[in-house]
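There are 2 protein chains.
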Amino acid sequence: MSSSEYRVVPIGVIETEYESSESTPIQPIYSQSVGRAIINPEYSAGLKSLELFSHGYLIYWFDRAKKPELLVTPYLDDRQHGVFATRVPSRPNPIGISIVEFIEVGRHIIVFRGADMLNGTPLLDIKPYISKFDDRKSVVDGWIKEMSSDDERYIADDRFEE
Amino acid sequence: MSSSEYRVVPIGVIETEYESSESTPIQPIYSQSVGRAIINPEYSAGLKSLELFSHGYLIYWFDRAKKPELLVTPYLDDRQHGVFATRVPSRPNPIGISIVEFIEVGRHIIVFRGADMLNGTPLLDIKPYISKFDDRKSVVDGWIKEMSSDDERYIADDRFEE
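As you go down the protein sequences, you meet chains S and R in turn.
Take the first sequence: its position 67, counting from 1, is numbered 1087 in this note's numbering, and each next residue is one higher.
Take the second sequence: its position 57, counting from 1, is numbered 1077 in this note's numbering, and each next residue is one higher.
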């Protein structure tokens, strides 16, 4: 068992139209909203070649998530599940991951489609989405049910917000 | 621009057969190796329902990665790319993500296939892989080339190790 702790430092910030969880899409695939990742100048050289990819992971800090609980009722179900069997933002380490579609990768700004995070979210890392690494076949989606495409549960509320 | 910093604390540790980068698969899809994620007892309640999923993301700390550089030559190419356009472990925030296949989810131990991390790696988070959220179509894989399945570059070396 490890007892160390580690520090993360934002490499930039994510700008979106969402100021609170209420009305924010719960996942990028339910969002057509365009956001911008602004990379701090000292890290911008690290974007070289990212424009060759169509999609990427934005890895960020859920800075407005409330204190985590180990059992939670997620947006998409009425039953309790363990926090690690859900994507809720209130987690022991509140690290968020969104797979977004790049519209433009500039010198230090990434414009992307699929914004599902709050405006001002601290950005920690970016990785390219690589289909030959990341596509999985024969996946079983656990407790996630089929829902109609207009299900209101695709939009968040304030239950996990501080 | 955010100038805060945040702290992450391991929720457990990942046990694998790999003691150094040399000979370690570079991605889970190139690995049939079985690993175990051992969750600290105070977090184990958070695993409830994870056994319903076939795959999940392990999110961890590259604790033996060397100091990051913004331009790197990754395993799969001979040209330099920005660190954020690669999956190399030496990153400004050395957060690793592996999509693994669950073999067994126990009370506080996850046995999985697809180990590509070093033995003793600090585990930060677990999220279920949900195909309806995470599968992407029409993906362009950037500088990643088609390679033969026995290409020796699917195995890491020590270039990013401390």
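Calculated directly from the structure, the hints in this document are not laboratory data.
Take these hints with a grain of salt, some might be off.
Said to hold, decoys possible - Derived SDA-like pairs (lysine to any residue); straight-line CA-CA distance at most 20 Å: (1) S:K1152 <-> R:K1087; (2) S:K1152 <-> R:Y1174; (3) R:K1157 <-> S:F1153.
Hint check results:
no., hint, verdict
1, S:K1152 <-> R:K1087, "violated (28 Å)"
2, S:K1152 <-> R:Y1174, "holds (12 Å)"
3, R:K1157 <-> S:F1153, "holds (14 Å)"
Hint 1 from the list above is the single one not met by this structure.
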